[in-house]
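> Listed below are the residues making up each chain.
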Amino acid sequence: MPAVLLIVTTLVQENAIPTNKSGFKIIIVNADSSVLGESIVNDLINSGYLNFTTFNTVDEAKNAILDGKYQLAIIIPDSATEKLFNLLKVYTESDVHSNDLFSGDLTGIIFLYDPGLQRIVKNAVVMPMKTAIQLSAVKVLMAQYTEEVNKSVKQHSSDFADNLAKKDFFENIPDFPYKNEVIKRFSEELTNKATEGPEIKLPVSPTLNGDIIRIDEETVRKENAEYKPNVLQNNIPAFTLFAMFFIVIPLAGSIINEKNHGTYKRLRTLPVSFFEIIFAKITVYLTICILQFIFLMFIGVYIMPILGESPSLDLQIKYPALLLALIASSFAAIGFGILVGIFASTHSQAATFGSVMVVILAMLGGIFVPAYLLPDILRKISMVSPLRWGTDAFLGVFARYEGIDRIWSELCLLFGFFGASLFLSFKIFKRET
Amino acid sequence: MDLKPVIIVKDLTKRYKGSDTDALKGINLAVNEGEFLGLLGPNSAGKTTLTSIICGLISSTSGNVKVFGKDVTNSLGHVKHMIGLVPQEIALYAALTVKENILFYGHLQGFHGPELHRKVKALIDIFNLGEHASKLISHCSGGIKRRVNLISGIIHNPVLLLLDEPTLGVDIQLREMIFEYLTELNKKGTTIIYTTHYMKEAELLCTRVNIIDHGVLIADGIPANLIAENEGCTDLGQVFLKMTGRDLRD
Chain A
1 MPAVLLIVTT LVQENAIPTN KSGFKIIIVN ADSSVLGESI VNDLINSGYL
51 NFTTFNTVDE AKNAILDGKY QLAIIIPDSA TEKLFNLLKV YTESDVHSND
101 LFSGDLTGII FLYDPGLQRI VKNAVVMPMK TAIQLSAVKV LMAQYTEEVN
151 KSVKQHSSDF ADNLAKKDFF ENIPDFPYKN EVIKRFSEEL TNKATEGPEI
201 KLPVSPTLNG DIIRIDEETV RKENAEYKPN VLQNNIPAFT LFAMFFIVIP
251 LAGSIINEKN HGTYKRLRTL PVSFFEIIFA KITVYLTICI LQFIFLMFIG
301 VYIMPILGES PSLDLQIKYP ALLLALIASS FAAIGFGILV GIFASTHSQA
351 ATFGSVMVVI LAMLGGIFVP AYLLPDILRK ISMVSPLRWG TDAFLGVFAR
401 YEGIDRIWSE LCLLFGFFGA SLFLSFKIFK RET
Chain B
1001 MDLKPVIIVK DLTKRYKGSD TDALKGINLA VNEGEFLGLL GPNSAGKTTL
1051 TSIICGLISS TSGNVKVFGK DVTNSLGHVK HMIGLVPQEI ALYAALTVKE
1101 NILFYGHLQG FHGPELHRKV KALIDIFNLG EHASKLISHC SGGIKRRVNL
1151 ISGIIHNPVL LLLDEPTLGV DIQLREMIFE YLTELNKKGT TIIYTTHYMK
1201 EAELLCTRVN IIDHGVLIAD GIPANLIAEN EGCTDLGQVF LKMTGRDLRD
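First to last, the sequence lines map onto chains A and B.
When we follow this note's numbering, the leftmost residue of the first sequence carries the number 1, and every step to the right adds one.
When we follow this note's numbering, the leftmost residue of the second sequence carries the number 1001, and every step to the right adds one.
Any given hint could be a false lead.
Unchecked claim - Result set (DMTMM-like, lysine to aspartate or glutamate): computed pairs, CA atoms no more than 25 Å apart in a straight line:
(1) A:Lys430 - B:Asp1020
(2) A:Lys430 - B:Glu1203
(3) B:Lys1119 - B:Glu1180
(4) A:Lys259 - B:Glu1165
(5) A:Lys430 - B:Asp1022
(6) A:Lys122 - A:Asp67
(7) A:Lys25 - A:Asp43
(8) B:Lys1135 - A:Asp211
(9) A:Lys259 - B:Glu1089
(10) B:Lys1099 - B:Glu1180
(11) A:Lys89 - A:Asp105
(12) A:Lys430 - B:Asp1071
(13) B:Lys1099 - A:Asp67
(14) A:Lys281 - B:Glu1100
(15) B:Lys1017 - A:Glu258
(16) B:Lys1070 - A:Glu276
(17) B:Lys1200 - B:Glu1180
(18) B:Lys1145 - A:Glu258
(19) A:Lys430 - B:Asp1011
(20) B:Lys1099 - A:Glu217
(21) B:Lys1004 - B:Asp1020
(22) A:Lys427 - B:Glu1184
(23) A:Lys25 - A:Glu276
(24) A:Lys281 - B:Glu1089
(25) A:Lys69 - A:Glu217
(26) A:Lys259 - B:Asp1022
(27) A:Lys430 - A:Glu258
(28) A:Lys21 - A:Glu60
(29) A:Lys427 - B:Asp1213
(30) A:Lys259 - B:Glu1100
(31) A:Lys83 - A:Glu38
(32) A:Lys427 - B:Asp1020
To be verified - So these bits of chain B aren't anywhere near chain A, every CB distance computed over 10 Å:
(33) Pro1042
(34) Gly1063
(35) Val1159
(36) Glu1229
To be clear, the hints were calculated from the coordinates, so they are not data collected in a lab.
Please read these numbers as outputs of a predicted model, since none were measured by experiment.
Think of the CB as a built atom: it goes at the ideal place given N, C-alpha and C, for glycine as much as any other residue.
Go ahead and model the full structure; you've got the sequences and the hints to work with.
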């Protein structure tokens, strides 16, 4: 077990920040048919540090995020390039050239977030992408400015040369030796420069003080939904689930006590069935799970806002979905506890196996690091972790404000795990007797 | 008078998984209503295996066991309320008090409310546990635990009572008390199967004894008859040693 723990912990920690090898996936919807959109898409994809996929419409992107398949979408609007180039117009028509001119009506790019996206992960990903987008826009803007100005200069360079030749720049210059020769040479040089046209560059640098692209951030939500996910919506349910699974240790311990102290032997001679005995345990431990859940919710709602600057846990959620997620997760934890209790012979076996397994399942389940950040192999293994199903169900309820219709598959898996655990426990028990 | 058989065991064998020998080798046995049967044998002889099969705790490899006419493998559930088991282990919940343990087992036997409380109080009084009733089992002495262990197996007045070394580790006073109580129960009609390593107890209490060794029933009879039938033996202990030998067992 310690070897498994070591491997899983190392792999999980190595992937705590999203990379192109993790399952963190970003959608780009480029509605701009011109250079800015193309440049941003190319720059982001060619950066190679994250997984980008292009989608055609915003609705497709939103649905993919709500399904939990993608964590973020970058929406480039259809008039992005046009709006960016309008800045040039304002700039060139102004008498005062300063970076402040770029604070006008900026092109707006939208970042759409998965409601379940953890803040720390979001920050790690978003800042470099924002910088990359600004740089991409500056690059496009400078290229356009240079091209436009130089084109204009080239178009009118003959006029410049003619006017220059006509104008007597040297009439008021006092006499000096070789004056006529010098003026002739100087005049030729000026005419040549005017004919060639100067290389003009935008007098701003890529390190602009202000942004030239406005980035709006939104959390994807279902139609008419009114909520503002915060960090507690992720953390409280996730760690409540983690705590819930630690019920494995006392539950398995009570079964081992009964096996070792003869109480179970006596119970089986009484006019009660195996399932009545198990049902009694389930009732007690389900009650404990529910009470523990209520207590941790209380902390999220009332204690956390007092302790820090975090907002209160938002409970404007769908309660039937919450109740089912709570019961299904509790049942899965209880089923696992019964299985460990039937399987193990001693307390130390149950405590070691139970606690290490819960930590491993929690790591795989996305409690400490989101499941989409896990390396490919662990992500595949995590699909069979009941804590992953529980986390997905709770995140659905608390972070995405989903109802039963969106989390039913996780609920089925959790109840299925409970049923399978009981069945296996019964089989092991029958085999032992 | 024709006595009704409470237990009928026919050609019973048991081999545990992974073992290359049979724990029970074709046991045939009948226990009649009202008998006080002593089940004797050295360690690993097969006594606990036999009582466990009779109680339905483990299945047999072959053969047939009927308790109150019901096959233990299929329909023991119908007669479970007629059976009481007092295991050798202290089969109690350490986190519950003396009274709570008895209430718990009484409740599982189908007693509720005032009837259950009346029964519990009566047994607590009989076994002189009044001042210990509120003590946690984990804080009780070995003697108290033995008493509660016994009460928990008899609270429902079973017709058939199986006791596995109920006097293990108890003092002479408590032993005498247990003997008196069990004798009284037997007189009232309870059939008792009593497993023990104390030959004196079996000789004193039992109306019949069975000696098992290496999974085989090697003796069956009234203690006095077994002593008389074995030349040179003056008590059941000598009969036992003569039949089972002096080799140490597992």
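> Next step is simple, just say for each hint if it's right about the structure.
Outcome of the hint check:
For a cut-off of 25 Å, the pair hint linking lysine 430 of chain A to aspartate 1020 of chain B stands: about 20 Å separates their Cα positions. For the hint pairing lysine 430 of chain A with glutamate 1203 of chain B, the CA-to-CA distance comes to about 38 Å; that exceeds 25 Å, so the pair is violated. In summary, the hint linking lysine 1119 of chain B to glutamate 1180 of chain B is supported, as the alpha carbons are separated by about 19 Å, within the 25 Å threshold. Note on lysine 259 of chain A and glutamate 1165 of chain B: the hinted pairing holds, with a Cα-Cα distance of about 19 Å set against a maximum of 25 Å.
As the CA atoms of lysine 430 of chain A and aspartate 1022 of chain B are separated by approximately 19 Å, the hinted pair is consistent with the 25 Å bound. For the proposed pair lysine 122 of chain A and aspartate 67 of chain A, the alpha carbon gap of about 18 Å is at most 25 Å, so the pair holds. About 16 Å separates the Cα atoms of lysine 25 of chain A and aspartate 43 of chain A, which keeps this hinted pair within 25 Å; it holds. Using a Cα cut-off of 25 Å, the hinted pair lysine 1135 of chain B and aspartate 211 of chain A is violated, with the two alpha carbons roughly 75 Å apart.
Of the supplied pair hints, the one linking lysine 259 of chain A and glutamate 1089 of chain B holds, its CA atoms being roughly 11 Å apart against a limit of 25 Å. Distance check on the hinted pair: lysine 1099 of chain B and glutamate 1180 of chain B sit about 23 Å apart at the alpha-carbon level, within 25 Å; holds. At roughly 12 Å between alpha-carbon atoms, lysine 89 of chain A and aspartate 105 of chain A fall within 25 Å of each other, so this suggested pair holds. The suggested pairing of lysine 430 of chain A with aspartate 1071 of chain B holds, with an alpha-carbon distance near 18 Å, which does not exceed 25 Å.
This hinted pair does not check out: lysine 1099 of chain B and aspartate 67 of chain A have alpha carbons roughly 56 Å apart, beyond 25 Å. Using a Cα cut-off of 25 Å, the hinted pair lysine 281 of chain A and glutamate 1100 of chain B holds, with the two alpha carbons roughly 17 Å apart. The suggested pairing of lysine 1017 of chain B with glutamate 258 of chain A holds, with an alpha-carbon distance near 22 Å, which does not exceed 25 Å. Distance check on the hinted pair: lysine 1070 of chain B and glutamate 276 of chain A sit about 22 Å apart at the alpha-carbon level, within 25 Å; holds.
The suggested pairing of lysine 1200 of chain B with glutamate 1180 of chain B holds, with an alpha-carbon distance near 15 Å, which does not exceed 25 Å. Straight-line distance between C-alpha atoms of lysine 1145 of chain B and glutamate 258 of chain A comes to about 16 Å, which keeps the hinted pair within the 25 Å bound. For the proposed pair lysine 430 of chain A and aspartate 1011 of chain B, the alpha carbon gap of about 23 Å is at most 25 Å, so the pair holds. For the hint linking lysine 1099 of chain B to glutamate 217 of chain A, the alpha-carbon distance of about 65 Å lies beyond 25 Å, and the restraint is violated.
Distance check on the hinted pair: lysine 1004 of chain B and aspartate 1020 of chain B sit about 37 Å apart at the alpha-carbon level, beyond 25 Å; violated. In summary, the hint linking lysine 427 of chain A to glutamate 1184 of chain B is not supported, as the alpha carbons are separated by about 42 Å, beyond the 25 Å threshold. In summary, the hint linking lysine 25 of chain A to glutamate 276 of chain A is not supported, as the alpha carbons are separated by about 48 Å, beyond the 25 Å threshold. Straight-line distance between C-alpha atoms of lysine 281 of chain A and glutamate 1089 of chain B comes to about 22 Å, which keeps the hinted pair within the 25 Å bound.
For the hint linking lysine 69 of chain A to glutamate 217 of chain A, the alpha-carbon distance of about 19 Å falls within 25 Å, and the restraint holds. Simply put, lysine 259 of chain A and aspartate 1022 of chain B have alpha-carbon atoms about 24 Å apart, close enough for the 25 Å limit, and the pair holds. Among the hinted pairs, lysine 430 of chain A with glutamate 258 of chain A is consistent with the structure: their alpha-carbon atoms are about 16 Å apart, no more than 25 Å. With a C-alpha separation of about 24 Å, the suggested pairing of lysine 21 of chain A with glutamate 60 of chain A holds against the 25 Å cut-off.
Between the alpha carbons of lysine 427 of chain A and aspartate 1213 of chain B the distance comes to roughly 32 Å, so the proposed pair goes past 25 Å and is violated. As the CA atoms of lysine 259 of chain A and glutamate 1100 of chain B are separated by approximately 20 Å, the hinted pair is consistent with the 25 Å bound. Only pairs whose Cα atoms come within 25 Å are accepted, and lysine 83 of chain A paired with glutamate 38 of chain A is accepted, the gap being roughly 15 Å. For a cut-off of 25 Å, the pair hint linking lysine 427 of chain A to aspartate 1020 of chain B stands: about 23 Å separates their Cα positions.
The Cβ of proline 1042 of chain B lies farther than 10 Å from every Cβ of chain A, with a closest approach of about 22 Å, so its non-interface assignment holds. With a minimum CB-CB distance of about 17 Å to chain A, glycine 1063 of chain B clears the 10 Å threshold, and the non-interface call stands. With a minimum CB-CB distance of about 13 Å to chain A, valine 1159 of chain B clears the 10 Å threshold, and the non-interface call stands. In this structure glutamate 1229 of chain B is separated from chain A by more than 10 Å, as the shortest Cβ-Cβ distance comes to about 35 Å.
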